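Chains S and V, in that order, are what the protein sequence lines are. Take the first sequence: its letter number 195 is residue 195 in the numbering used here, and every next letter is one higher. Take the second sequence: its letter number 155 is residue 155 in the numbering used here, and every next letter is one higher.
Read the hints as simulated data drawn from the structure, not as lab findings. Here the structure is a predicted model, which is why all the values come from computation and not from measurement. Using N, Cα and C, we set each Cβ at its ideal position, and we do this for glycine too. Among the hints, a few may not be true.
Derived list of chain V stretches under chain S, where covered just means 3 residues or more per stretch with a C-beta under 8 Å from a C-beta of chain S [said to hold, decoys possible]: (1) 50–56; (2) 166–177; (3) 212–226.
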Amino acid sequence: MATSWGYKKAFMRCACIFLAGTALQLCIGDLNNAFLHYPWSVIAALFYAYLLYLIYYLSDKYPALRKLYDHYACVSALASMVLITIFFGSIAQNSEATGFLSKIGFTRMTSSWGFNLLLLYFTSTLGLGVINDFAHIKQKKWVSVLSHLCVFVILTAGIFGSADKKFIELTASLNKPTSTGVVEDTGEAYDIPFEITLKKFEIEEYPPRLRLINMQDRNASKQFLSIEQAGQSKTFGNWDITVDQFLANAMPDSVGYRAMSHVGSAPAAFVTATNRLTKATSQGWITSGSFIFEPERLQLTPTEMVSMSPSIPKHYQSDVHLVDKKGNERDLAIEVNTPAQIGYWQIYQYSYDTERGKYSTISIFECVHDAWYSIVQVALWLLLLAGVLMFFTAGRRRKENQK
Amino acid sequence: MSWDQLPIISLLSIIFWISGIFFAFKGKQERTAVILSSIGTAIFLVFIISMWISLGRPPMRTMGETRLWYSLFLSIIGILLYARFKYQWLLAFSILMAVVFIGVNIFKPEIHDRAIMPALQSAWFVPHVIVYMMAYALLGANAVFVLYLWFRPKKHVITPQELSLCDNLIRIGWAFLTLGMVMGALWAKQAWGDYWSWDPKETWALATWFSYLLYLHLRQRVKDTDVLFAVSIFSFILLQMCWWGINYLPSAQGMSVHTY
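Work out the full structure: start from the sequences and follow the hints.
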């Protein structure tokens, strides 16, 4: 009976927190954590950690405080996180949404008071549990202590550090130094504390692809012919398509296309299509086109044609020259998955002029300011280690249970 | 090798797997059962590696490709659990599930794109997907075992060893989920600038992670096996939502970067 009542009270506490959050949402709107900028974010995080320690310290004198981190609190907080993530995962998240669901914050998970208060409660229960783990470290499994600690650090950094993150989109033109970008959320101009000069931009593309287009439903065939050389062939439905000639870089001329490596050149192929049933044959040039000339397709029947899809980038990279405020200079290569790091800033390869494709003269970067980067990285790597160590402890627990 | 060879390779694997199951049920033929089943799995592994080489990229991008890994890991886990605990039926069920997923790939083939976008060309891609598939397979094996225990014959009394097997499958499966999630976060930071973006797949992955964690915490106090089994199966349903269910969820349409 006591056990059942313990769970009931703990779950009611979670329900009250969520309801209070929803009421707050109705009264004052979205949660705005913009005030949590450095140094206030660090001060708030330290104060929060101290508060947790104080609650734990006082729980000897006031046993009621233990209800914040006992088994029932832990289970109810976990179950609440399961339910609330399912709840928000089932509702389309859209910051532009209107209507009742939007008014009570259910369409904006990260700005919802209900979600954030429950997350804070869960993190607090976890934090108190971590302090309890360290207070009784000899009786605890250290892999479990490590994973608790890492998750607590990650969540605390997420709660108190999110407002410190800045996402700035910066467009750099070839050989023109720039340090002004725009804040991604608001579109406001923002000066980053270093200057970027784009020295070179390169794209490696996948081989061009031929597809059969059905003009009636405007669908392209899922099958495709990836052209790497002349002589390749593929069957699309009743059509055998053969590539007679392939030019990786071509420009149109009076008789068709000729090989030319020039700004704006594009791949072109001369193909023959033969219908297996009617033996009808069609021949002609096909190209994906570029920003200086139109694509060309081969019409087979009034409802079918062969087309070359626009080139797909395989890899792209920017060579940049960076100068920080102290005058330190660096030459770096920035590509997708390999950002550059300057102090608390990371610079990501974001995009380019997609209309010009490989002839783009600009490169678009995303500059991210994340002062909590190091602490979260350490916590994540330690959690990775804890995950690996769990395999060993799983076997040990089985033996202990059997004893 | 390509998808065209999947039916014949699968047939070969299935012949060896069925032979292994036959010897497992025959009794006192454990070694033969393990060897035959392992040959079936090895043939399937060779097929996946050949696909990897011929595609020029790891076959992990589409739903059909992830099903290949799921079938592989299910068979591996079934064999390992049989070798360790001698449950013939667990070997049979794991192999049956592996065959069902192979069947889906044969009868509902998905055309596979050769291109892989730059953000996916990361050192994290392969381990992230493999550990998740491993977790899915372990937790799938656990779900089968839990359903067996839950709807057991009346005379069957659940032993501590059987509950311990459930716990260990979930504990190891959850460890794999943790590895997958952390690798995903580190990769996302490297590729997109933030660890977590509340993408629908991420939200459901977190719900699944919390739910299995709830089981592990409940297990310390709760003795009622019905409650434990219910939480375990509920978590497995969340896992299915995370893996493929969100593809059909109206709220997740067009919002996920985890497109299969």
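Hint check:
1. 50–56: violated (count 0)
2. 166–177: holds (count 7)
3. 212–226: Our answer is that it holds, as 6 residues pass the Cβ test (under 8 Å) against chain S, meeting three.
Violation of the numbered hints given earlier is confined to hint 1; every other hint is satisfied by the structure.
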